[in-house]
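Let chain Z serve as the given structure and place chain G on it in line with the hints.
There are 2 protein chains.
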Amino acid sequence: MSAIDTCLDNNAKYASTFGGAKLDAAPSMQLTIVTCMDARIDPTLMLGLAPGEAHVIRNGGGIVTEDVIRSIAVSQNVLGTREVMLIQHTECGFLRLSEEELKDRIEGEAGARPDFTMGAFEDLENNLRRSIEIVRTSPYLSSKDVVRGFIYDVRTGLLSETS
Amino acid sequence: MSAIDTCLDNNAKYASTFGGAKLDAAPSMQLTIVTCMDARIDPTLMLGLAPGEAHVIRNGGGIVTEDVIRSIAVSQNVLGTREVMLIQHTECGFLRLSEEELKDRIEGEAGARPDFTMGAFEDLENNLRRSIEIVRTSPYLSSKDVVRGFIYDVRTGLLSETS
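Chains as they are written, first to last, in the numbering used here: chain Z, 1 to 163; chain G, 1 to 163.
Don't take each hint at face value.
Pairwise CB distance ranges (calculated) [said to hold, decoys possible]:
1. 91(Z) <-> 123(G): 35 to 45 Å
2. 5(Z) <-> 123(G): 21 to 31 Å
3. 123(Z) <-> 9(G): 21 to 31 Å
4. 99(G) <-> 104(Z): 15 to 25 Å
5. 22(G) <-> 160(Z): 12 to 22 Å
6. 153(Z) <-> 2(G): 16 to 26 Å
7. 6(Z) <-> 112(G): 25 to 35 Å
8. 10(Z) <-> 91(G): 18 to 28 Å
9. 5(G) <-> 99(Z): 29 to 39 Å
10. 10(Z) <-> 125(G): 15 to 25 Å
Computed footprint of chain Z on chain G, listed as stretches where at least three residues anywhere in the stretch have a Cβ under 8 Å from a Cβ of chain Z [claimed, not checked]:
11. 13–25
12. 55–67
13. 98–110
The calculated DMTMM-like cross-link candidates involving lysine to aspartate or glutamate, where the alpha carbons are at most 20 Å apart (straight line), are [as the list claims (entries may be wrong)]:
14. 144(Z) <-> 109(G)
15. 144(G) <-> 161(G)
16. 13(G) <-> 5(Z)
17. 144(Z) <-> 66(Z)
18. 22(G) <-> 91(Z)
19. 144(Z) <-> 133(Z)
20. 144(G) <-> 66(G)
21. 13(G) <-> 153(Z)
22. 13(Z) <-> 161(G)
23. 144(Z) <-> 107(G)
24. 144(Z) <-> 161(Z)
25. 144(G) <-> 153(Z)
26. 144(G) <-> 5(Z)
27. 144(G) <-> 133(G)
28. 22(G) <-> 153(Z)
29. 13(Z) <-> 66(G)
30. 144(G) <-> 107(Z)
It should be emphasised that the hints constitute simulated quantities derived from the structure, not laboratory data. From the three backbone atoms N, C-alpha and C, an ideal C-beta is built for every residue, glycine too.
Isolated chain Z (complex conformation) (with noise of 0.2 Å):
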């Protein structure tokens, strides 16, 4: 059975007793989560959330592109969020390997090599700190007041904000 079909009966089962018909769009917290697509994050369970709660943004190393920028911003203007927790993480693949060793790793097995950025880092608090000042600056985004950034260590469950 492939992973796919496994998560369809799961979803069955969802819908067989689905109590989210009434959710707004619009997230209850006003709140955006940025953060790692790495499956040992699950931000329902770290952070407790519950469904209509909270936008979350999710890509590799939960570095914040023109991408999250884009997301963030119709996040703010059109469904009225305010605040902004950007979350990466310890054991990061992007923090593990290079640039070039990413672009390697990708070129050896798929054949074309990346013309894009990777978004590769060396240092994981520096690295939070430039995505939470390019959140700050950002001419698109209407609440820039409450921009907070946490290291979530895979080895304990704990965030750990960095300022």
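The following block gives chain G in isolation, referenced to the frame of chain Z:
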């Protein structure tokens, strides 16, 4: 109390009974999920996922941008995932508002008009088919045999496949 502080309180409780320290970075289901940041979508509940099982990529619309290809490329070529599940949804803000309307909202609230594509679309199934095609034809991905697209109905909690 701010939304972020509420999340931090929840995280302290989560970490106090944390059992995920032994998880591997490589997703055990060898699965990558791409979906929208929408607050009503909870991949954990909707798909019955446990920590460690899948990479989850999310942005505004759940559309396949270059940033999403960058993320899937690392997911597949560095961390060994083999299936891609694309999930877009009913009542999406990127379906409700046009490209110009989204830019108008951002300019009106934040001051600057985006010089990047917002990703609005008019037909959900056609947009999903285009996203599937972008993944299937990407030269940076090594596993393109299982790329499937689904529409999530926010009123029923149910996924339906688009072919």
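Hint-by-hint comparison with the structure:
1. 91(Z) <-> 123(G): 35 to 45 Å: With Cβ atoms ~41 Å apart, the hint holds.
2. 5(Z) <-> 123(G): 21 to 31 Å: With a Cβ separation near 27 Å, residue 5(Z) and residue 123(G) satisfy 21 to 31 Å, so the hint holds.
3. 123(Z) <-> 9(G): 21 to 31 Å: holds, 29 Å
4. 99(G) <-> 104(Z): 15 to 25 Å: Violated - the Cβ-Cβ distance for residue 99(G) and residue 104(Z), about 37 Å, lies outside 15 to 25 Å.
5. 22(G) <-> 160(Z): 12 to 22 Å: holds, 21 Å
6. 153(Z) <-> 2(G): 16 to 26 Å: holds, 22 Å
7. 6(Z) <-> 112(G): 25 to 35 Å: violated, 44 Å
8. 10(Z) <-> 91(G): 18 to 28 Å: 22 Å Cβ-Cβ, so the 18 to 28 Å window holds.
9. 5(G) <-> 99(Z): 29 to 39 Å: holds, 36 Å
10. 10(Z) <-> 125(G): 15 to 25 Å: This hint holds: roughly 23 Å between Cβ atoms.
11. 13–25: holds (count 8)
12. 55–67: holds (count 9)
13. 98–110: Per the Cβ count (6), the hint holds.
14. 144(Z) <-> 109(G): holds, 12 Å
15. 144(G) <-> 161(G): holds, 17 Å
16. 13(G) <-> 5(Z): violated, 33 Å
17. 144(Z) <-> 66(Z): Cα-Cα ~16 Å, so holds.
18. 22(G) <-> 91(Z): holds, 13 Å
19. 144(Z) <-> 133(Z): At roughly 10 Å apart (the allowed maximum being 20 Å), residue 133(Z) and residue 144(Z) satisfy the hint.
20. 144(G) <-> 66(G): Holds, at roughly 16 Å.
21. 13(G) <-> 153(Z): holds, 14 Å
22. 13(Z) <-> 161(G): With a Cα-Cα distance of about 16 Å, the restraint between residue 13(Z) and residue 161(G) holds, given a limit of 20 Å.
23. 144(Z) <-> 107(G): holds, 15 Å
24. 144(Z) <-> 161(Z): The given pair, whose Cα atoms are some 17 Å apart, holds under the 20 Å limit.
25. 144(G) <-> 153(Z): violated, 32 Å
26. 144(G) <-> 5(Z): holds, 17 Å
27. 144(G) <-> 133(G): holds, 10 Å
28. 22(G) <-> 153(Z): The given pair, whose Cα atoms are some 12 Å apart, holds under the 20 Å limit.
29. 13(Z) <-> 66(G): violated, 34 Å
30. 144(G) <-> 107(Z): It holds: about 15 Å lies between the C-alpha atoms, which stays within 20 Å.
Violated hints, listed in ascending order, are 4, 7, 16, 25 and 29; each of the other numbered hints is respected by the structure.
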